[in-house]
Structure formats: C-alpha cells, structure tokens
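Visitor: Okay, here's what each chain looks like letter by letter:
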Amino acid sequence: MADKIATREAYGNALAEFGSEYDFVVIDADLAAATKTGTFKKKFPERFFDCGIAEGNMMCVAAGLAAAGKPVFASSFAMFAAGRAFEQIRNSIGYPHLNVKIGATHAGITVGEDGATHQCLEDIALMRTIPGMVIVNPADAVEARAAVKAALEYNGPMYLRFGRLAVPVFNDADNYTFELGKGICLKDGSDVTIIASGVTVDMSLKAADLLADKGISARVINIHTIKPIDRDIILKAAAETGAIVTAEEHNIIGGLGSAVAEVVCEGNPVPVIRVGINDQYGHSGKVPPLLQMYGLTPENIAEKAEIALSMKK
Amino acid sequence: MEKAKLNNLKSIAAQIRLGALEAVHAAASGHPGGSLSIADIMAYLYFEEMNVKADDPKWADRDRFVLSKGHTAPALYATLALKGFFSADELKKLRQVDSFLQGHPDMKGTPGVDMSTGSLGLGISTACGMALAAKIDGKDYRTYTIVGDGESEEGQVWEAAMFAAHYKLDNLCVIIDWNGLQIDGTVEEVMNPTPHDKKLEAFGFHVISIDGHDFDQIEAALNEAKATKGKPTAIIAKTIKGKGVSYMENQVGWHGSAPNDEQYEKAVAEIRATM
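Protein chains in written order, with the working numbering: chain C, 1 to 313; chain Y, 1 to 275.
Only chain Y is shown next, with the shape it has when bound in the complex:
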C-alpha cells in the first residue's frame, strides 16, 4: 500500500481509538479493550472498503455492517462520527439518557447503524439475512460483520456459519476479532473455541488468517474475500485487546471498564504520539 494511504489509515484508526476512549471515559462505562482491537479494521472498512453514504444512511444499495460483538459500540460510533454520520460531539454523550448512542448499537436511533446488536451470537445471523436479501434482489452490495472470538462460543455463531455456507453467501465477509481475551480470562482458558480456521473451513468458509493491525494484510484479505465466489469468507484477524494503550494491551481487566481521568490522559497522549 502507498505510504500516503497507509498514513491516512493509521491516522483514521488513531482518531477512532481516541473517539472510542473519549466516549467510554465520558460515560465512565463501556468496553474499551475490544473497541481498540478492532479500530484498524473499522478504519479500513469504512474509509476504504465499504460503499456507504453518510448523508443517506439508509441508502438501499449500501454495503452493510453488523457489529456482532455489539459491546464494542464505542469503536463503531467513533467510526460513524468520523465518517460524518453524526457529530463527534455525540460521543461524549455515550450511554446517557439524552443520547442516541446506546450502550449497544441501536439501528432505530443511531444514523449509520445497520443492525441492533449486543446480545452475542445474534449479529452474524442477521448479517446472513442481509446477504441473502442481496442475493434474492440481485444486488451487489456486500455485508460485513465482526464477531468476537469469545462470542464464537455461542452456538448460534455456528448455526449462522452453516447457513452462510449452505446458501453460498459469497457476499458475506465474517471477521473474527481474535484478541484472545474475554471477561473471565483468556479465550482458551474459559471455553476454547479453537481452531477457528479449521472449524470454519469445515463449515464451508474460505478462511484467511491475518494480523488485524496490519493494513496491507487487511486490504489483501478483504480483496481476496471479494474475489472468492461460491462461499462466504472468514477473516481471522489476530489482534491485541486494548491495542494502542500500553496499560490496556492484553489485559482482561480492560474488557469492560472505563479509564479514570489520569488513565485517560495517558491513553490520549500515547495515541496522539503515534499520529
């Protein structure tokens, strides 16, 4: 990838991280760890990959995005704000009674949110429904969904995988955010769902494993997904939970707790230093 493009994506990802942290800090609640792990993927999806219109969020032919791991809504909201779906000032109102930014994504209230999610395992199935709708209507929009690694312990994820392969949903791209941590510990310790690659292949997916913080790899994988016909693609993105904030990285405790003022300042400084 050209250096200018790469730098731009890095800058966008940093801004997404800052926005997500600003929201979680202001709310004094929320899920920073998994928001930071998907920031690079979100940056690429919304600023390079997906065909969406901020001034027409319900545009019928848009590409769809379902955040199946809905608790990392701060990353989605920061991305949507940066893309222009709503003012970045809204981020400060995350989880407040006078805000349309719910703790988990709400498609009725928030411009740009394509599906209400939060209860794990449901989003990937709704993404299957959207991809099927495109097939039925002969439309060429694509559907993307990010599923958590811990989320894949939900049986419905595998019902959805079976469905996606059965109906040859090659317009569906499932991204597994493999950050390795969930609330009670490491994903392997809590309930080991690995190996995702072999399992998803066995279910009928084209599987690509990448570093989820490497834009060249993200780009190549999404291009490969688009070129793959007759079967859905799963991208297993190895990521770092809390990526970009030294004291949050790979720490289970930052799954669902907000930084205090001092911690927030430190996090902002660290991310700004990379920009």
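Chain C on its own, in the form it takes in the complex:
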C-alpha cells in the first residue's frame, strides 16, 4: 500500500495532468490552495480564474462559460459549493444541463479542526435532488484521478466530492478501471454486504476482516458514483447476501444509505442499516477521535453488519 494521499490532492494533480490533453478552464472562490486547483493554476495560469469569495456568482459564471462552449471545473469547499450555491447550481447549471464540473473538496467530518460550519454532511443529499446531476465520490487518489478523467469525457453537470484528509491508496493504479455509474465489488462475500463510498470504503474493507475473524463472510462494494447509482450491483447483493450495511461520511438522511435503501426497498426488500452521521452537526477535533465519536470506524460498521445479519428473515 502506497502513502496516504488526500483525494483533493489527486484532484488538483489530475486537473494539471489532463490540462494539456483537454480544453477546459478552472475557477475557484479563493480556496485554490486548499481545493488544490492551485496545482492547475500553476501550470495553466491563463486558464484559471479566481472568482473571489463569492460562490453564488462563481457557479453562475461557470454556467455562462459552459453555455458559451467552455468546459469548466468550479471548485470550493463542499459546504460553499453544494450548500451556499445550491440554488445557483440547481437553476443555472442543473436546469439547463450545462457542462459544469463542480469540484467540491473538504466534504464530511474529516475536515477536522475547522468544525461543524465547514464539515458538509448534506451535499450528496442536496445534489441528488437535482435532475440530471451526476455525483461521484472517489475513495482514494487513484479513483479521484480516474473520476476527473471521466468527468472530462462526460458532457453534463457533475458533482465531484473530495476530502481534505490524506487517506490510504488501496486501488492499484495500473489495474484500476473507472466506469461512471458502476459500483465495484472489492471483496466477495455471502452473508452480508457492506456498501461504502469515499473514505468509508477502506474502513469497510477492514470491517470485513473483523467479520471474517468471526466467521462472517462480508461482501464489500465501493459505490463511487452515487448518482446514477448502480442498481444492479445493489440488487444482486440484496439477493445473494440478504442483508446490507451502508457506510458514508455524510448525514444518513439523503446520502448513499438513502440511495441504497431506495433501490433495495423498491427492488428486493432486505434489511439495510445505515452507518453515517446520525442527523447531527460535526464538531472540531482531530480526525481519529472524530471518527470514533461519530461511529465511522471498522468496528462500528462490523457491529452494524452483524445486526443486519441478525435481521435476515
């Protein structure tokens, strides 16, 4: 396993890497150093535009650029992209289905010390309600790079969710294939399925190991594309394992857990337990104790998997 890399770091690197091959511009709202769009800015200064601390205007500028034929990545923290500028995204980007990629970083509680005002736990829920919006939540640096490439190949609005925290790189860069809208089965299993996205994918693999120690065979699925969600892989897991746990760094209302539950309820009802932020705000702190505090740990995911297993008919 390689060093830890934040997905935002991989995002900035990918923008700079693909900048020669693809024609696009990048805009930011005074956070280029943090969102890592600064990496692109350094290499392609003539194609980078700072919008200042004015996210609503930035999203509409992005819409105007796209309407005039310029593919654009617009970046800020998830809170100020999906949160502050929700209506701008909905009305100026989503409704006209414009080719704008929203690169939202610092999503979730792994923002850490900055605390609740900056820990966006609602962005997936908000973006999911916008018709035609694609939502991608990469789990590691390899996936983040691939997601940026996929975004460049896709013509339409897309929300890319990146984290602040350096996280383990578990995907193998040489053998990794990203397919928009397709989940990835990282570990097969027959008793229960853990469906995760973003930083919780690595935790879920560890949870599966804990379950294996108890003789429980857990399947682990990485859902990088939360919308459109991979119904087939979820319904197959429901049919074959009969119990599901979801794990996400987001409010359990409206995010991955809700999306999975919707698919399962309508397609093949089996127990679904959602691990995530239980309709609470975040808190300042170092990341490891925060993850403990909110139950985003392999131990909690494994515990909930056992409960889901016990609920099987």
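Any given hint might turn out to be false.
Stated by the list, open to error - Covered stretches of chain Y, as calculated for chain C (at least 3 residues, CB under 8 Å): (1) 27–34; (2) 125–132; (3) 156–162; (4) 172–185.
In short, the hints are calculated from the structure, not lab data. Glycine residues also receive a C-beta, built at the ideal position from the N, C-alpha and C atoms.
Assemble the complex: chain C is given as a structure, and chain Y must be docked to it using the hints.
Guide: The following block gives chain Y in isolation, referenced to the frame of chain C:
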C-alpha cells in the same frame, strides 16, 4: 437617427408589446409591466445591435443575450418570434403544458434563448461567464444582459459587478431596467438600491444613464459601450413600467397580473394607435 429607421424601430417595439400582451393575455398569467418597460431596448438590441441568426440559434459567434430579469420573458419571446426564431403563433401558448415557452426563459427548450433565467440575480453572473468565455477564446462577440432595478437588491448582482470589472469585461453590457417598481411597491420604498450610477462606477463600470424609451439615446449608449475598452459598461435605462398601455403605466399592480379581455382590447387599441 434617420426617420425611417426610427419609425421602423418604433413599429418593432409596438409589435413586441403586442406580442407580449397577447401571450400574457392568452396565458392569463405572466408579467406585463416589466415586459412593456424593456420593449424598446429589446427592439434595438435584436433588430439593430446584436449579431444573431434566427436560422442558426446556436451559432457559436453570435452575440449573447441574457434576460436576467427572467420574469419578463413575454418581451423576449415576442422579440424572438418577430425575429424569426419561432412562429408568432407560439406566443398564444405561453405557460401552457404543450408549449416550449415556459413562464421563465428555458435555453434548452426555446430557440434563441441563450440562458435559462428567472431566479433573480443569477443571469448577470452567467452573462459574465459568457463574456469571459469570449475573452478566453479571443472571439469578438458581445454579451448583453438586462437586470431589473428591483433585482439589483440581490447581493449576487454586486458579486457579478465585481467580477465583470475585475476581469475587465468590456465585451459585457449590463442594462438596468430602471422602471422604479417592484412587487411590494416602489423600489426606493421596498429596499433602496440607489444610486446605481455611483455604485456601479465605484465597482469599476463605465456608466451611462439614458431614457430607455428614446431610440437615439439607446443607440448612442450601446455605441459608447462598444467603444469603451478595459471595463464593462452599465446602461441605466430610465423606463416606465407598463409603457404604452395607459392604465398599466407606473402601476405596481401590473407587475405580475394579466389583463382581462376588455383590458386587453383596450391595450391593443392603444398600442395600435401609435403604429
């Protein structure tokens, strides 16, 4: 301006007014007051100023227009129909389920509409994006946007103004439709955004104040805007809400209500009498 040209523009503006009223009357809903206040500006923009092709609405090098005050879509639709982007028969279907003329402009559905607008404060920012795109691509098309005076109470209008000046978008022309009225009363009473001229100058705009119903002044201002380099231009157009229909002029109540049959007949007669 030559008399023939002036008469032609007046005739076009009257037809825009008639089209907008026909649409609002048929829909029995919509926004006549602010549609009538911008009719003269729309006539000049689409029939003298802007380089557009009705038979190729998505032509890459066209001048762009964003109706930031999107609720006055009837004026835009009447203009586009008159210009030939679609049949004038469509106007009667405004706001109906079988029509592509939405209550507020929809760039996906309506030929000639360059940006979906309606939520106030957003359109001017999208116009900034279009103007920036032209700069990036080294193209010489221009972007025009009409912003409502009440709309300028939205903070994003000023974010956009800051952006336009910062990036020296001299290919952007912002027209403020200063008709003085908004839903809850006069603009000054509700939330006074004045003085627009001093504020926009302070934000870095070249500002021109005109009578928005005087074609000579509209022409001179748009020419001055084109000649102004290094900064965006704002034209503050003093207009009359409901212009051309005696009982609608300067009446807040006609912001967002449709005339009944009798009122419609009277409005048509008054406008026809000027043609």
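Visitor: Of the numbered hints stated earlier in the document, which are not met by this structure?
Guide: Hint check: 1 and 4 fail, others pass.
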